[in-house]
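Asks: As a plain string of letters, each chain reads:
There are 2 protein chains.
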Amino acid sequence: MATILNGKELAKKINQKTKEEVVALTNRGVKPGIAVILVGEDPASLMYTRSKQRKADKLGMTSVLKKFPMDASQSEVIEAIHELNVDDSINAILVQAPLPKQISQSEVTEAIAPQKDVDGFHPENLGRLYGNEASNYPVACTPKGIMRILKEYQIPTVGKRAVIVGRSILVGKPMAALLLNADATVTITTSHTTNLAKITSDADIIVSATGIGHLIKSDYIKPGATVIDVGIEQNSEGKLIGDVDYDDIFDKAGAITPVPGGVGPMTIATLMSQTVELAKWSH
Amino acid sequence: MATILNGKELAKKINQKTKEEVVALTNRGVKPGIAVILVGEDPASLMYTRSKQRKADKLGMTSVLKKFPMDASQSEVIEAIHELNVDDSINAILVQAPLPKQISQSEVTEAIAPQKDVDGFHPENLGRLYGNEASNYPVACTPKGIMRILKEYQIPTVGKRAVIVGRSILVGKPMAALLLNADATVTITTSHTTNLAKITSDADIIVSATGIGHLIKSDYIKPGATVIDVGIEQNSEGKLIGDVDYDDIFDKAGAITPVPGGVGPMTIATLMSQTVELAKWSH
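Protein chains in written order, with the working numbering: chain A, 830 to 1112; chain B, 830 to 1112.
Fair warning: there could be bad hints in the mix.
Since copy identity is lost for identical chains, a pair holds within one copy or between any two.
[Said to hold, decoys possible] Here are the computed lysine to aspartate or glutamate pairs in the DMTMM-like style, where the Cα-Cα straight-line distance is at most 25 Å:
id, residue 1, residue 2
1, Lys930, Glu962
2, Lys1046, Glu1106
3, Lys930, Glu1066
4, Lys896, Asp871
5, Lys848, Glu936
6, Lys884, Glu849
7, Lys887, Glu1106
8, Lys1027, Asp1012
9, Lys980, Asp900
10, Lys1046, Asp1031
11, Lys841, Glu1106
12, Lys1027, Asp1048
13, Lys1051, Asp1031
14, Lys837, Asp886
15, Lys1051, Asp1033
16, Lys896, Asp916
17, Lys848, Asp916
Since the hints were made in silico from the structure, they are not lab data.
From just these sequences and the hints, can you work out the full model?
Replies: Dropping the structure here:
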């Protein structure tokens, strides 16, 4: 029977600490601020954006929403980023995905000042992470939150085999870098990988972030493995399910994150705590 | 019997092409230029630096050496870099490793303008590589040279398993990124990895860059594997040997780089051709 890695509970603890730090910083005249840029009216993006704003408000931070119509030009969006880059009340800037076709994700990302890039997607921050630099820089929130879960539950990484299923810039690549920096032996798989089950069966830690519902079943894991589920997909019955077939692996795994209540709440808690870190580093 | 991956021959072809491109660029008034910064009197570093300069001269490029005494301060070195950053006759800047203790490798690397960072070590360039960006940016020369060897010998990467032994910023990390970008399933091992032979035995492509002489023996590889040897070490008899026990694996491997004459000549050929690319991109 697997230990359930309760991301929801851990997120509450982190949010409580963030709240206290926001009070302390605000008393010193440095109220942390986050700006979200949203282009278009995608309902899911609107929902995510609102929930980030609500959380920031609840924790006592400044939160700003810059909303653009679906047909906004890239230069308009980049101009808004340039204004936020020099706005002292804003410590963290994030651009809600997805962007419409006329706007280049990479050009928008590179326009964000690296020291305000709370998503950690700027090449300078990704490069520092991959190069394992000792200085302070932001790191993608989902993988950073996963590392906190591993630490909280004292799951060892040194010399352990980790397999990352999926190589996105949001999750897979920064996750691989963090686990490598934590001295794990890391494998990154792609959609071209053959015999995935054999590869994941060698892993002490599996992080799956493909969005393919119930991809990881019990024959994909070795007994006692830690299984982290970053996927989320709506199945044919309209139910949200993860990459991992939770019920199927529950008896075989050593530890597992539930969906919901696992990685999700940790991502937003990390977004908020990293905004506070950016505010501290800037002063 | 393994195919011998003749880096020396391929490097000759690349150098010939570089030479022609240098002539063409020089005729257009853009003579490519490379600057090497050397701190101290380490004999090996002196030898490497001289061989780079000789090669640059031979190919018709401008080459500049900035030499500092062993006790030079970090700010002196960074000042020289700042001057080279704005010098239009210089397209490529590299700092010869190792640096003395009083100088921070990462601060010196970050001082180099990313568009002149011919070693590809600047976090912005490493991040672009790891993020698989489509724009033009320099990439570490040894792994870039290895990708050219794989291409020349039509060794497939898509869906293949690659194992990188060693996680340096010079070789292991950029190598992993390049192979991942070429759709391989990539594993990076570290000095903490246990049961290395089992892991490398799963690989279609092994790149070893540890400096541990004859680490990779025939029980470390599967039949037909491609084995790339980046290591170089002086054994007790004073002979230079690679990470790979060439004679031991020769009958089992599918393809193998010799030491010397494999990866080494490709690194310097790539350094030169990348200097030409930087010159082109800047104009």
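Asks: Of all the hints numbered above, which does this structure not satisfy? Sort the numbers upward.
Replies: 2, 3, 5 and 9
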